[in-house]
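Visitor: Taken in order, these protein sequences are the chains called A and B. No gaps in the numbering here: position 231 of the first sequence is 231 in the working numbering, and each next residue is one more. No gaps in the numbering here: position 95 of the second sequence is 95 in the working numbering, and each next residue is one more.
No wet-lab data here; the hints were simulated from the structure. Just to be clear, a hint being listed does not mean it is correct.
[As the list claims (entries may be wrong)] So the derived list for chain B, only partly shown, Cβ under 10 Å to chain A, looks like this:
id, residue
1, Val78
2, Gly94
3, Gly98
4, Asp106
5, Val137
6, Ile245
[To be verified] Covered by chain A, per the in silico footprint, the following chain B stretches (three or more residues, Cβ under 8 Å):
id, stretch
7, 31 to 41
8, 123 to 134
9, 248 to 259
[As the list claims (entries may be wrong)] Only pairs whose alpha carbons sit at most 27 Å apart, straight line, appear in this in silico DSSO-like list of lysine-lysine:
id, chain 1, residue 1, chain 2, residue 2
10, A, Lys161, A, Lys9
11, B, Lys183, B, Lys195
12, A, Lys18, A, Lys28
13, A, Lys315, A, Lys37
14, A, Lys281, A, Lys18
15, B, Lys22, A, Lys281
16, A, Lys268, B, Lys163
17, A, Lys111, B, Lys131
18, B, Lys19, A, Lys18
19, A, Lys44, A, Lys56
20, B, Lys22, A, Lys9
21, B, Lys19, A, Lys111
22, A, Lys25, A, Lys281
23, B, Lys26, A, Lys152
24, A, Lys281, A, Lys37
25, A, Lys161, B, Lys26
Idealized CB from N, CA, C, for every residue including glycine.
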Amino acid sequence: MGRPLDLIKGMLGAAPKKPEKVSEKVQKIMFLKYEDKDRYIKEKLHARAHHETSHKWRNRRWAVLIATNLLFVFSFWLDIQILEGALTASRFVGFHLIDLNSALHVMLAHKHIIVNLFIGTFTVFLLWVLLGGRSFCSWVCPYHLLAEWTEKLHLWLVERKIVTDHEFHRGTRTVFWLLFALLSVVTGYTIFETLSPTGILSRALIYGPGLALGWVFLLLLFEIFWSRRAWCRYVCPIGLTYGAVGVISPLQITYHVEHCFHEGDCRKVCLVPHVLDVTIKGRAAEETLGLGPDCTRCGYCVDICPTGALRYEVKGLSKLL
Amino acid sequence: MSGEDSRSAARKPAMSIEKAQKARRKFLQSLGLTVGIVGASLLGYIPVSSARASLLRPPGALDEADLLASCIKCGQCVQVCPVQAIKLGDITDGFGLGVPYIAARDQACDFSCDAVQCILACPTGALTYEKPDFLGVRNGAPLAHAPILKAKANDPEPSLNLKERFGLARLARPESCLAVQGKGFKGQARGPGFKGEMRYVDVDRWAPIPVRDHPYEREICDLCVTECPIADAISLQATGDGRFIPMVHEQCVGCGVCEMICPVETAAIVVDAQAVWKGGA
């Protein structure tokens, strides 16, 4: 039970720990890897030389994200009625789909659950158990895409030493999750929805822009000039809600220590680099490890890894194939 | 302070102080972020608490506080409305962001869907045919009987499934009312630039058309009476000297068609959102 529990703690904000015991198999792998330094360096350079920068997963993900949001838009604009509603709640060819975090806040604020709300929530729960929980963030959420683009600007400014990234404590997001839940119960208003850039952007796309986009703009400015990906990393309770779903999801990105040169390219591109702590030399206790529930399955690490040590895998299924 | 600092510096290596300071700074910044974001979110209470008049909500909407709590801000009600009467609140509405409302003067709900589709579309029961028992019913909100939709008068089931009114019409400016002045009306009710739509059964029962495409000619202006989609909700009462007063009756559901169609600027008759029937006339 050790690692799954540590991964959940890590999602809630705990710092990653060094493993107490490394399996013999991994010890052997590490010994063989570093047995001959020259060979190791040669292999590393060889892998680097042959690695073509790929944007395979990024492109697929952007296509899915844009297509999903456009399906919402066209269902209304062109009246094709396939996916009606917005990201907070919708109907897919008539079937209720209700965002878990929005549903939670409505239930907490209203203290009453009607059947449709329950059905829609359960359908979405099952969907994201199958698809990986936080994959909602990177594969569907429109704010994620905007934040990815502005992140590039942030990193460009950091590189030129014009701004620095101010890190907050990752546990802040857990505090926000609890605070917003408490506020919904106490005030009877779904207060988080007033701030949620996910809902604001989704509605702006479908029903037309409004002043609320100003708030989204402010958040992006904050991320560009003060703190990298601050909303997704330290605030958004939607991410934590879907993260909790991802705990039991079979769809994961897995790490294979045997192929890794421990250079850390993956951690530099990651939204949640603490999930890639295992890629630091000496941190992996097992041969193959899932990255855990806080990973958004965005695939940046898969794209950038020169050796294929990080892969998409479906637990159980990959072994069968 | 400085003495203490140097003493602890002597005991511990310099790195750990730096680390501790860094951790402290990170904690304080995280606290600042928390206070800042939660503070910003609570600003949403200002428009909600200081609103002078409540917005007209769609048919079947729960009472204001319950509506704001139960609405999931998805806009499915917006999507089914044939005349696009339903709009969503902006951030200037605070906690009402994303919550549906009707700006009746621009586009009223004329029930051209025949079946209050917005209620059917609502996934959370924020718009509902049947209020759950634990929610109270305000005096004067329930309708004496199911309202008869004039357009469905000849159907086997002529009534709307609507138990409570969502507003109530009121002759707010009798002095500007054409009927009260004994005047008639000729032309486009709201002028050539008006974008609002309405369903006219004698034109097409299922396709609403722009109000500007349906000019009127009346000896005495009675648009609020003839265009009212609900039976027995409003009538003209003669005062005997060639003048008439629009009288709102118990069956008024608050849809706002009278406010939209009223040809004078500003409208003589308006709908008060969430107002209740107080008996008498």
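Visitor: Indicate, hint by hint, whether the structure satisfies it.
Guide: Quick rundown of the hints versus the structure:
Nearest Cβ of chain A to the Cβ of B:Val78: about 6 Å, under the 10 Å cut. The hint holds. Given hint, B:Gly94 at the interface with chain A, holds; its Cβ is 7 Å from that chain's nearest Cβ, closer than 10 Å. Satisfaction of the interface hint for B:Gly98 is found here, the shortest Cβ-Cβ separation to chain A being roughly 6 Å, below the 10 Å cut-off. This hint is violated: B:Asp106 has a C-beta 15 Å from the nearest C-beta of chain A, more than the 10 Å allowed.
Interface restraint check: B:Val137 against chain A, minimum CB-CB distance 15 Å, threshold 10 Å, status violated. Because the beta carbon of B:Ile245 sits about 40 Å from the nearest beta carbon in chain A, more than 10 Å, this interface hint is broken. Proximity of the stretch 31 to 41 of chain B to chain A, defined as three or more residues with a beta carbon under 8 Å from a beta carbon of that chain, is established by the 6 residues found. With a cut-off of 8 Å between beta carbons, the stretch 123 to 134 of chain B has 5 residues touching chain A; three or more are needed, and the interface restraint holds.
Check result for the stretch 248 to 259 of chain B against chain A: violated, 0 residues qualifying (beta carbon to beta carbon below 8 Å, three or more required). Restraint check for A:Lys161 and A:Lys9: the C-alpha separation of about 33 Å exceeds 27 Å, so the hint is violated. Distance hint between B:Lys183 and B:Lys195 is fulfilled; the C-alpha atoms sit about 25 Å from each other, no more than 27 Å. Distance restraint check for A:Lys18 and A:Lys28: the Cα-Cα separation of roughly 18 Å lies within the 27 Å cut-off, and the hinted pair is therefore satisfied.
As the CA atoms of A:Lys315 and A:Lys37 are separated by approximately 34 Å, the hinted pair breaks the 27 Å bound. Restraint check for A:Lys281 and A:Lys18: the C-alpha separation of about 10 Å stays at or below 27 Å, so the hint holds. A hinted pair counts as satisfied when its Cα atoms are at most 27 Å apart, and B:Lys22 with A:Lys281 qualifies at roughly 25 Å. Between A:Lys268 and B:Lys163 the alpha-carbon distance is near 59 Å, which puts this suggested pair outside the 27 Å criterion.
For the suggested pair A:Lys111 and B:Lys131, the alpha carbons sit about 14 Å apart, so the restraint of at most 27 Å is met. For the suggested pair B:Lys19 and A:Lys18, the alpha carbons sit about 19 Å apart, so the restraint of at most 27 Å is met. Distance restraint check for A:Lys44 and A:Lys56: the Cα-Cα separation of roughly 22 Å lies within the 27 Å cut-off, and the hinted pair is therefore satisfied. At roughly 22 Å between alpha-carbon atoms, B:Lys22 and A:Lys9 fall within 27 Å of each other, so this suggested pair holds.
Proposed proximity of B:Lys19 and A:Lys111 is contradicted: the alpha carbons are some 45 Å apart, above 27 Å. Using a Cα cut-off of 27 Å, the hinted pair A:Lys25 and A:Lys281 holds, with the two alpha carbons roughly 15 Å apart. Simply put, B:Lys26 and A:Lys152 have alpha-carbon atoms about 24 Å apart, close enough for the 27 Å limit, and the pair holds. A threshold of 27 Å between alpha carbons decides the hint, and for A:Lys281 with A:Lys37 the separation of about 15 Å falls inside it, so the pair holds.
Restraint check for A:Lys161 and B:Lys26: the C-alpha separation of about 20 Å stays at or below 27 Å, so the hint holds.
Of the numbered hints stated above, those contradicted by the structure are hints 4, 5, 6, 9, 10, 13, 16 and 21, listed in ascending order.
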